[in-house]
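S.K.: Respectively, the protein sequence lines represent chains A and B. The letter at position 98 of the first sequence is residue 98 when you use the numbering used here, and the numbering goes up by one with no holes. Plus 1000 on top of the position in the second sequence (first one is 1) and you've got the numbering used here.
Treat each hint with caution, since some may be false.
[As the list claims (entries may be wrong)] Below, computed lysine-lysine pairings styled on DSS-like, alpha-carbon distance capped at 27 Å:
id, chain 1, residue 1, chain 2, residue 2
1, A, Lys-108, B, Lys-1009
2, B, Lys-1009, A, Lys-100
3, B, Lys-1014, A, Lys-42
4, A, Lys-42, B, Lys-1009
5, A, Lys-105, A, Lys-68
6, A, Lys-105, B, Lys-1009
7, A, Lys-1, A, Lys-105
[As the list claims (entries may be wrong)] Computed list of chain A residues with no C-beta within reach of chain B, every gap over 12 Å:
id, residue
8, Leu-48
9, Arg-55
10, Asn-63
11, Gly-71
[Claimed, not checked] Every beta carbon over 12 Å from chain A, so not counted as near; a handful from chain B, in silico:
id, residue
12, Pro-1008
13, Val-1012
14, Thr-1015
15, Thr-1020
16, Ala-1024
17, Gly-1053
18, Asn-1062
19, Tyr-1064
20, Ser-1067
21, Ser-1069
22, Thr-1070
23, Thr-1071
24, Asp-1073
25, Leu-1078
26, Leu-1109
27, Ser-1110
Bear in mind the hints are in silico, worked out from the structure with no lab data behind them. Where is the CB? At the ideal position from N, CA and C, for every residue including glycine.
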Amino acid sequence: KQEVTQIPAALSVPEGENLVLNCSFTDSAIYNLQWFRQDPGKGLTSLLLIQSSQREQTSGRLNASLDKSSGRSTLYIAASQPGDSATYLCAVPAQGGSEKLVFGKGMKLTVNP
Amino acid sequence: NAGVTQTPKFQVLKTGQSMTLQCAQDMNHEYMSWYRQDPGMGLRLIHYSVGAGITDQGEVPNGYNVSRSTTEDFPLRLLSAAPSQTSVYFCASSDSVYQPQHFGDGTRLSIL
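Let's have the full structure, built from the sequences with the hints guiding it.
M.R.: So this is what it looks like as structure tokens:
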């Protein structure tokens, strides 16, 4: 059974720091991995989707990497800003290219001005 | 472009009542799904659909029914509400498993 872990559950940092958010998964036979952002009281917004054939995806100050063999992904946030404060979740297919997604429990990020 | 629209945004029910949570998307996506989000449990898949007329169960399907008569709509029915179904419900859609999922803003449901 696919399991996704995000540690730590919460992180509080001063503005301007470069951050690394971690995601680990147990079944490495996945087609892709997604990182999402969730603001309080809102739905999830897809930030980056990495296909299994890729090692990295970049969008602005965000960079996500995928290492299938070790069952890990990292989301790198450069020069963090208070507006980056949110909960960040990663998700992978339950198996292979399954339509069923398994989510981590998320990491709540607070960036202090 | 509205994306994924969920109604209602908030609802309070009494135990034993039934209701339907509505989900509509205007992106012509084939794949739609329902999740519930609970503190400490994360998001869990309830039901999903890969196209009109095709539905399947997710991780926590008991107490919920779905149908998919059109590409645009994917309603979730609570047959007889129980306090354990108090949660935030999210609907999502995507073009395929290789594309990002788009989420609605959720329905916050309380069952007394």
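S.K.: Could you tell me which of the hints above the structure violates, numbers in ascending order?
M.R.: Those not satisfied come down to hint 8.
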